[in-house]
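**Q** Sequence:
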Amino acid sequence: MFGNLYKEMKLKGITQTEICKYLGLTNHGFNKKIRGDTDFTSTEMFAIQGKYFPEKSLEYLFKKETKAE
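No gaps in the numbering here: position 32 of the sequence shown is 15 in this note's numbering, and each next residue is one more.
The hints are simulated quantities; they were obtained by calculation from the structure and are not laboratory data. Nothing false has been slipped in among the hints.
The calculated label-pair distances, taken between Cβ atoms and stated as ranges, are:
#: 1; residue 1: G(-4); residue 2: G33; range: 12 to 20 Å
#: 2; residue 1: T24; residue 2: E1; range: 13 to 21 Å
#: 3; residue 1: K(-7); residue 2: K47; range: 13 to 21 Å
#: 4; residue 1: K4; residue 2: T49; range: 24 to 32 Å
#: 5; residue 1: F29; residue 2: Y(-11); range: 16 to 24 Å
We put the CB at the ideal spot given by N, CA and C, even for glycine.
Make the full structure from the sequences, and use the hints.
**A** Below, the structure is given as structure tokens:
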């Protein structure tokens, strides 16, 4: 799971639907990506970071957590 991305979305009040519309994804597709079931493309990562979180690094936002974390 991409917990940092999820946390930052909540802190800024950015909804999943808003990001889905911006990227052209379905809610289901985004859910699979944020859970880590499928990968974000580099284009998607740069787009999310650039539009919503320019002050955060890609490494931070897209740090994948393991089950033990």
